[in-house]
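Position chain B relative to chain A; hints supplied.
If you're matching them up, the sequences are chains A and B in order. Here the first sequence is numbered in the working numbering, starting from 2 and rising by one per residue. Here the second sequence is numbered in the working numbering, starting from 701 and rising by one per residue.
Derived by calculation from the structure, the hints in this document are not laboratory data. We treat Cβ as the ideally placed atom computed from N, Cα and C, and that holds for glycine. Warning: the hint list may mix true and false statements.
Unchecked claim - Calculated cross-link-like contacts (lysine-lysine; reagent style DSS-like; alpha-carbon spacing at most 27 angstroms):
#1 B:Lys790 / A:Lys183
#2 A:Lys15 / A:Lys127
#3 B:Lys718 / B:Lys731
#4 A:Lys15 / A:Lys47
#5 A:Lys127 / A:Lys180
#6 A:Lys14 / A:Lys126
#7 A:Lys212 / B:Lys805
#8 B:Lys790 / A:Lys180
#9 B:Lys790 / A:Lys182
#10 A:Lys163 / A:Lys212
#11 B:Lys718 / A:Lys163
#12 A:Lys183 / A:Lys163
#13 A:Lys55 / A:Lys126
#14 A:Lys183 / A:Lys55
#15 A:Lys163 / A:Lys101
#16 B:Lys805 / B:Lys790
#17 B:Lys718 / A:Lys55
#18 A:Lys47 / A:Lys126
#19 B:Lys805 / A:Lys47
#20 A:Lys101 / A:Lys127
#21 A:Lys55 / A:Lys15
#22 A:Lys55 / A:Lys209
#23 A:Lys180 / A:Lys101
#24 A:Lys209 / B:Lys790
#25 A:Lys126 / A:Lys182
#26 A:Lys47 / A:Lys14
#27 A:Lys55 / B:Lys731
#28 A:Lys187 / A:Lys101
#29 A:Lys15 / A:Lys126
#30 B:Lys790 / A:Lys163
To be verified - In silico contact screen, one side only, chain A against chain B (beta carbon under 7 angstroms); selected entries:
#31 Ala54
#32 Lys55
#33 His56
#34 Thr57
#35 Leu58
#36 Leu60
#37 Ala64
#38 Thr68
#39 Met72
#40 Arg75
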Amino acid sequence: MIFVVVPAYNEEKKIGRVIRGLFEHGWQNVIVVDDGSNDQTAEVAKEAGARVAKHTLNLGQGAALQTGNDMANRLGAEVVVHFDGDGQFNPADIAPAIDKMRQAGVQAILGSKVLDSRSQIPFLKKYCILPVGRVINFLFTGVWLSDAHNGFRILNREVLEKINLEHNGMAHNTEIVSKLKKGGFKFLEIPVEVRYNEFGQGVMGGFKIIKDLILGFFIK
Amino acid sequence: MLFIQGLLVIFFVFAIVKVIARYRSGDLTGKVMIFWIIFWLLAGTAVILPNTTFYLARIFGVTRGADAVVYVGLALVFYLVFRLMARQEKINRDITVIVRQLALKDIDKK
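One chain only, chain A, in its complex shape (with noise of 0.2 angstroms):
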């Protein structure tokens, strides 16, 4: 069973059609994770028909993940998709990307928005913070991607039962990476679109992602 994850805060006006876009390319096992939304989020996602999973406080889309990969776990999945709450990711991505899951052994897919060219990435996101992230997550992990901190990503159950996110917050995502890599698992970046309605994580953001990474290192 396949289980599309949807980690979303006060993402109200944007979930309903998220879910329907999900639905109308057939992934019906839909949980959204609502990260202590302080609007009708969760609401809309259960009349929109998805499965919710409520935090009582906002954690962070790190903790709103592992609880989305905790559920699936539970509900019996076989494959979990992450796949972002504000309408940023295109449904008609995750088939080709399961597909290529399948074909070249692997146990996860990573989305880049940088592998093809359907994305219009913001000029500064493109040319500055993304080659930044490149090489802070290459420090961090040892692994070369051409997009570090990409929402999109498939994880197959033996990746699911083995990783635990820690970090609740953006740094998640070197921390997925840098769990995979010393799992010893298989992965490969694959192109994904990716809309822009607002600008993303920013410079302020990566200094955040940084302190939380080193910090993380200390606390076990």
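Leaving out everything else, chain B in the frame of chain A:
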């Protein structure tokens, strides 16, 4: 003894009394109590006998005892801030576990 010395000594004695009281009420472990008592005793010594800081300065290769006290104090403050940040992160992780359990408690009924 100068007025400021007297004031500081009173403050340090008060601090030691508070540390012992917190240990007795179970808020502090024995190790932490000993650390803070030694810390306040050393601080009191430096205040009552400022010339002792000269020895500290010699160890660190610094000219003035007051400078050595500032450097050591600053390093200690940074270390304590780091410890606080680490403790806060641990608390955040514990909160996450609880929030997650609450979010998933009805999962089998969904």
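Subject >> 27 angstroms limit on alpha-carbon distance, applied to hinted pair Lys55 of chain A and Lys126 of chain A >> reply: Distance ~31 angstroms between Lys55 of chain A and Lys126 of chain A Cα, so the pair is violated.
Original post:
Regarding the pair Lys15 of chain A and Lys127 of chain A, is the alpha-carbon distance no greater than 27 angstroms?
Top reply: 25 angstroms, holds
Original post:
Does Lys101 of chain A pair with Lys127 of chain A here, judged by a C-alpha cut-off of 27 angstroms?
Top reply: Holds, at about 26 angstroms.
Original post:
Does Leu60 of chain A meet its interface restraint, that is, does its C-beta lie within less than 7 angstroms of any C-beta in chain B?
Top reply: For Leu60 of chain A, the interface hint holds, since the closest Cβ of chain B sits about 5 angstroms away, which is under 7 angstroms.
Original post:
Is Lys790 of chain B within 27 angstroms of Lys180 of chain A, Cα to Cα?
Top reply: 20 angstroms, holds
Original post:
Between Lys55 of chain A and Lys209 of chain A, is the straight-line Cα distance small enough, at 27 angstroms or below?
Top reply: 25 angstroms, holds
Original post:
Would the stated hint for Ala54 of chain A survive a check requiring a Cβ distance to chain B of less than 7 angstroms?
Top reply: Ala54 of chain A check passes; min Cβ-Cβ to chain B is 4 angstroms, inside 7 angstroms.
**OP:** May I ask you to test the interface hint for Lys55 of chain A with respect to chain B, counting a Cβ-Cβ separation under 7 angstroms as satisfied?
**Re:** Status holds, d = 6 angstroms.
Subject >> Straight-line alpha-carbon gap Lys47 of chain A to Lys126 of chain A, limit 27 angstroms >> reply: Violated, at about 34 angstroms.
Original post:
Hint check: is the beta carbon of Thr68 of chain A less than 7 angstroms from a beta carbon of chain B?
Top reply: Where the cut-off is 7 angstroms and the nearest Cβ of chain B is about 5 angstroms from Thr68 of chain A, the hint holds.
Original post:
Regarding the pair Lys805 of chain B and Lys790 of chain B, is the alpha-carbon distance no greater than 27 angstroms?
Top reply: 23 angstroms, holds
**OP:** Against chain B, run the beta carbon of Met72 of chain A and see if the smallest gap drops under 7 angstroms.
**Re:** 6 angstroms, holds
Consistency with the previously given hints fails for numbers 7, 11, 13, 14, 17, 18, 27, ordered from lowest to highest.
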